[in-house]
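The sequence shown begins at 1 in the UniProt record's numbering and counts up one residue at a time.
Treat the hints as calculated values from the structure; they're not laboratory data. Every value quoted in this text rests on a predicted model; they were computed, and no experiment measured them.
Taking lysine to any residue pairs in the SDA-like style, the calculated list, with each CA pair at most 25 Å apart, reads:
(1) K144 x E196
(2) K124 x G209
(3) K47 x T309
(4) K47 x R211
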Amino acid sequence: MYSLARPFLFHLDAEQAHGVGLRAIETAYRMGMSPLLAGRPKPLPTKAFGLVFPNPVGCAAGLDKDGNHVDALLSLGFGFVEVGTTTPRPQEGNPRPRMFRLPEHNAVINRLGFNNLGVDALVKNVSRARRKHGLLGINIGKNKDTHNEDAADDYLYCLERVYPLADYVTVNISSPNTAGLRELQEEQQLRRLVGELREAQEKLGAQHGKRVPMLVKVAPDLSDDDVDACARVLGDLKVDGVIATNTTLDRLPVEGHAFAHEAGGLSGAPLYGKSTAVLRRLRGRLDESIPIIGVGGILSGADAAGKITAGALMVQFYTGLIYRGPELIGECVQSMRRRREGVA
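Throw the hints in and build the complete structure from the sequences for me.
What follows is the structure, encoded as structure tokens:
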């Protein structure tokens, strides 16, 4: 069905198509039509962060920013869905247009800027989700007008509110679309921020009687030295996991395209090499007890398997869903199943 819908969606503005697509998935779910959108893959249980995921293929953050469509997205066959990024206060994000498709490259440039209704709205939405078919991650960030020296307050505020509902929480310090955010990946700032969040995580675990894993999402544009420093800090602080990576500011892979000059993060196929290189370097420097989720440029089952080869335990995608539709989920699960079973 997606092959029929795609031409219509691609005639719409990219952000408008995003909303139309989500509403269509939600409608199909409520009408019991999800199997027509994509056959649910057979389970491929995967243990990570002390949790068992139905399969190792997830929906990356950014698609469902306010947690309105958790059950509908899980019904497509994802083993887990990550909602957000959410911030303490609602914010509109950057001016439109702020999302651009590059079909020749199977890519998207976005500068949405953490547009969301705020963490309280997300909590309200997520609390209504049934979550029968998979697990839920919640991605947290800071408001754009919060200075970096006060960033911990924003992250702590969100962590406290989403903790009771999340299966895991992701700390997003790597979006290129909030001015100065990526500076939080600098070694000393990272150590201070994640250290405070780890302390809060343990306190919240005691308070709620359950320990919710906390992951950190990093950028693909870090130098080798910065990746090494990141790994050192995250290893020292014993985070539960890492997501590699967010979108890139690099335009070399799409040089010459009419949208190449647009500000924002580039995702899709051109991101694959750079994100996988960061993933591979992180895997070589992190303790094996810290799993990595590979994200960035997955457009096929072979791409997903490549992330696993580079050291990921699980994968996520978002732009791949735009270009391939829900069938990509089952394709990735099957590819990872064959790799796990040692079948070429």
